[in-house]
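Protein chains: 2
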Amino acid sequence: MRLAIVGLGGIGASVGLACKARGLPMSIGGYDLRPEIVQQAHARGIIDTPCATLEACAEADLLLFATPPRALPDCFRQLTHCLKPDTVLTDVASVKTPILAWAQQLLPHPQRFVGGHPIAGTEQSGLPAARADLFESAPWVLTPTDQTDRDALQQVEAFVQSLGAMPIALSAEQHDREFALLSFLPHCIAFSLIALHRQQPTSLQGGRSWRDATRVAASDPALWTELLLLNREHTLDYLHALTEHLRQLAQLLQQGDADSLEAFLRSHSIQGA
Amino acid sequence: MRLAIVGLGGIGASVGLACKARGLPMSIGGYDLRPEIVQQAHARGIIDTPCATLEACAEADLLLFATPPRALPDCFRQLTHCLKPDTVLTDVASVKTPILAWAQQLLPHPQRFVGGHPIAGTEQSGLPAARADLFESAPWVLTPTDQTDRDALQQVEAFVQSLGAMPIALSAEQHDREFALLSFLPHCIAFSLIALHRQQPTSLQGGRSWRDATRVAASDPALWTELLLLNREHTLDYLHALTEHLRQLAQLLQQGDADSLEAFLRSHSIQGA
Chain A
1 MRLAIVGLGG
11 IGASVGLACK
21 ARGLPMSIGG
31 YDLRPEIVQQ
41 AHARGIIDTP
51 CATLEACAEA
61 DLLLFATPPR
71 ALPDCFRQLT
81 HCLKPDTVLT
91 DVASVKTPIL
101 AWAQQLLPHP
111 QRFVGGHPIA
121 GTEQSGLPAA
131 RADLFESAPW
141 VLTPTDQTDR
151 DALQQVEAFV
161 QSLGAMPIAL
171 SAEQHDREFA
181 LLSFLPHCIA
191 FSLIALHRQQ
201 PTSLQGGRSW
211 RDATRVAASD
221 PALWTELLLL
231 NREHTLDYLH
241 ALTEHLRQLA
251 QLLQQGDADS
261 LEAFLRSHSI
271 QGA
Chain B
1 MRLAIVGLGG
11 IGASVGLACK
21 ARGLPMSIGG
31 YDLRPEIVQQ
41 AHARGIIDTP
51 CATLEACAEA
61 DLLLFATPPR
71 ALPDCFRQLT
81 HCLKPDTVLT
91 DVASVKTPIL
101 AWAQQLLPHP
111 QRFVGGHPIA
121 GTEQSGLPAA
131 RADLFESAPW
141 VLTPTDQTDR
151 DALQQVEAFV
161 QSLGAMPIAL
171 SAEQHDREFA
181 LLSFLPHCIA
191 FSLIALHRQQ
201 PTSLQGGRSW
211 RDATRVAASD
221 PALWTELLLL
231 NREHTLDYLH
241 ALTEHLRQLA
251 QLLQQGDADS
261 LEAFLRSHSI
271 QGA
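Chains as they are written, first to last, in this note's numbering: chain A, 1 to 273; chain B, 1 to 273.
To be clear, the hints were calculated from the coordinates, so they are not data collected in a lab.
Misleading hints may appear alongside valid ones.
Negatives, chain B to chain A, calculated, CB over 12 Å [claimed, not checked]: (1) Leu24; (2) Leu33; (3) His81; (4) Pro108; (5) Pro110; (6) Arg150; (7) Ser183; (8) Pro186; (9) Pro201; (10) Leu246; (11) Glu262.
Quick look at which bits of chain A chain B covers, simulated, 3 or more residues with Cβ under 8 Å [as the list claims (entries may be wrong)]: (12) 65 to 77; (13) 186 to 193.
Don't be surprised by glycine CBs; every beta carbon is placed ideally from N, CA and C.
Same shape as in the complex, but just chain A:
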């Protein structure tokens, strides 16, 4: 089995590390736009074969794209003429609907593409953030469509399980809607809290609730610009719904009615409802 990893950032390199740490019987090719990253990954034993070009990855049985989403259309176009019909392709982006559309438009065998998203990212990025245990017990969403080949899906499922992750099949639409709430909204909040803090810096450092609420404001702004734009409608829906809830809470607080305020908090507490 030949695996090729396209994009050797935090997620791509962690896939390589996990394969090696778990002794998976496969040879791993790796490509990145930055040749020095390919060399570093090779020197660290994360990949077996440095690929000088994207096309050099096309011989793989399983091709995993771990690039920023914006790179995918060009990758797909470049590979059009060199992909074998039975190569399985997958990705790891945090949005799925637009990527499935690009695969459908641009790949010669889109039924061999299985969208994926490991729920294991952190605010860190790049090769230095890679960890062999990143996917241990992590959910890994896969978004097959009616057209997806069952054996391609099964191969990707088996592969992510072999990394220690738990595959979960979901439609791309549902994934993108749920992740707008579960991840995109916390990212928007974190950046907005930092914006507030920059306007009115505090002499005190925040405790754990502040650190936890703002941690993901250390995420890559360029990547999150892309992701937010690619999942714009769902994110806007949730931004509006959140501001509405915050407005309701402010209204209860303004009114000063302790019973109503406590009822709001109690029905929205984690142990409540």
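Place chain B on chain A using the hints.
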């Protein structure tokens, strides 16, 4: 040195545990509205002397109030006639301005009261949440006023240092304003995110960004109702400022201008600015 702890919840009991773990040379009395909690704390060696009444704590040299804030006015009233002039009093509540006002109004020697707030709470509460190392290297805000006796302040500073904490003097007003941003706002956000999730439950569990953003929605709704109302104006200011930032972000996203959106995220990222 005789310490008395009034209120044996997570913070009060952690103070007792920390004193014992660090071998501080003091005898510790303890009182709680619930007699069974006093017995449990005594049985676990957290306190040396179970107090059957609040008045029984009045003999202490240092009286630490770790009750919900609403209990403080009655505690102060009950103690009016039995406090010695040189007893030092302090508290641990997450708001400071109203508590200083109560101390001023209700205590016979308000200059012996030093407001305090250890930045060490968690979403857990009650005696089972107590930890001997809760205050290790934690900031512990103290809010002396112009009237506060310097030796009372020095005694409280020395005491919190002996627990492993780092005393930081700040005005009550500045504390309350900064904590509205650093803690009250993340709590409001957490409850509001859970409200959204209850309206549209997800099939996926959130990853770390969701867990971190919602963790404090497990906090006690009754306590947070009190706290929000006691720090209402600052919290409202920040709720409005946050919804304004979220609205700006939504507008940039709606417009779909990647450069402006990225500039917003970059200038509000933790590494940025």
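Each hint tested on the structure:
| no. | hint | in the structure |
| --- | --- | --- |
| 1 | Leu24 | holds (24 Å) |
| 2 | Leu33 | holds (19 Å) |
| 3 | His81 | holds (30 Å) |
| 4 | Pro108 | holds (29 Å) |
| 5 | Pro110 | holds (24 Å) |
| 6 | Arg150 | holds (22 Å) |
| 7 | Ser183 | violated (5 Å) |
| 8 | Pro186 | violated (4 Å) |
| 9 | Pro201 | violated (9 Å) |
| 10 | Leu246 | violated (5 Å) |
| 11 | Glu262 | violated (4 Å) |
| 12 | 65 to 77 | violated (count 0) |
| 13 | 186 to 193 | holds (count 8) |
In the structure shown, a violation is registered for the earlier hints numbered 7, 8, 9, 10, 11, 12, in ascending order.
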